[in-house]
Amino acid sequence: MKRICIAAGGTGGHIYPALALAQSAMEQDPDTRILFIGNADRMEARIVPEAGFDFAALDTHGLEGSLLDKVKAAISLMRAIPKAGAILDEFRPDIVVGFGGYVSAPVLRAAHARHIPVMMHEQNSIAGKANKVTAGCADEIVTCYEKAGEQFPAGKVKLLGNPRGSVAASAAGDRQVLESLGLDPSKKIILVMMGSLGSTTMNDIMQ
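Numbering-wise, the sequence shown is residues 1314 to 1520 according to the working numbering.
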């Protein structure tokens, strides 16, 4: 039985690709055991269990705000490492996969200290802080954009894309939805979705 631990949190951009990977792993081998680690007070604490996966919580905070806030956040991240280690010791994963969000940093550090294979996934063209600071803990780093790969050690990077792409490719279209938007289902339709910094870039182009 394979055991996979996935660390992801904070935003849907981290969580949903992680869920797509977990669901694909279960389809390939239903006996696979998967444990998610995230924050107790963020959206992953609700979304992951609703998707049917086991979930363990840490208490971490991002390095944002005032100097005092950043110091408190750094302390929370350091304190989370031994707790993450205890979770890993109990679950005994064959691999740990980090999808970003600050909660993934202590998990990947704890896994690296225990010589558990670590894979990191970066969904954005500009790498997130958590992935940047823990890149040294990863054995393999998967990116969606060449630009992101340039921000990590070259020997570790593989350009493989986003697991959510497979979900989108297999999704069935709904004619009624298109018609409700005034679109002609007989014509090809291009949907453009952007997030974070990319949304600003696309808005400037479209104006």
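Source of the hints: derived by calculation from the structure; they are not laboratory data.
Any given hint could be a false lead.
Unchecked claim - Pairwise CB distance ranges (calculated):
{"#": "1", "residue 1": "Ala1426", "residue 2": "Arg1488", "range": "46 to 54 Å"}
{"#": "2", "residue 1": "Lys1500", "residue 2": "Val1384", "range": "18 to 26 Å"}
{"#": "3", "residue 1": "Asp1344", "residue 2": "Lys1385", "range": "23 to 31 Å"}
{"#": "4", "residue 1": "Asp1452", "residue 2": "Asp1382", "range": "14 to 22 Å"}
Said to hold, decoys possible - Straight-line alpha carbon distances no greater than 16 Å define the calculated EDC-like cross-link-like pairs of lysine to aspartate or glutamate that follow:
{"#": "5", "residue 1": "Lys1501", "residue 2": "Asp1517"}
{"#": "6", "residue 1": "Lys1445", "residue 2": "Glu1463"}
{"#": "7", "residue 1": "Lys1315", "residue 2": "Asp1354"}
Even glycine gets a Cβ: it sits at the ideal position worked out from N, Cα and C.
Okay, the hints, checked on the actual structure:
{"no.": "1", "hint": "Ala1426 - Arg1488: 46 to 54 Å", "result": "holds, 53 Å"}
{"no.": "2", "hint": "Lys1500 - Val1384: 18 to 26 Å", "result": "violated, 56 Å"}
{"no.": "3", "hint": "Asp1344 - Lys1385: 23 to 31 Å", "result": "violated, 42 Å"}
{"no.": "4", "hint": "Asp1452 - Asp1382: 14 to 22 Å", "result": "violated, 33 Å"}
{"no.": "5", "hint": "Lys1501 - Asp1517", "result": "violated, 24 Å"}
{"no.": "6", "hint": "Lys1445 - Glu1463", "result": "holds, 11 Å"}
{"no.": "7", "hint": "Lys1315 - Asp1354", "result": "violated, 29 Å"}
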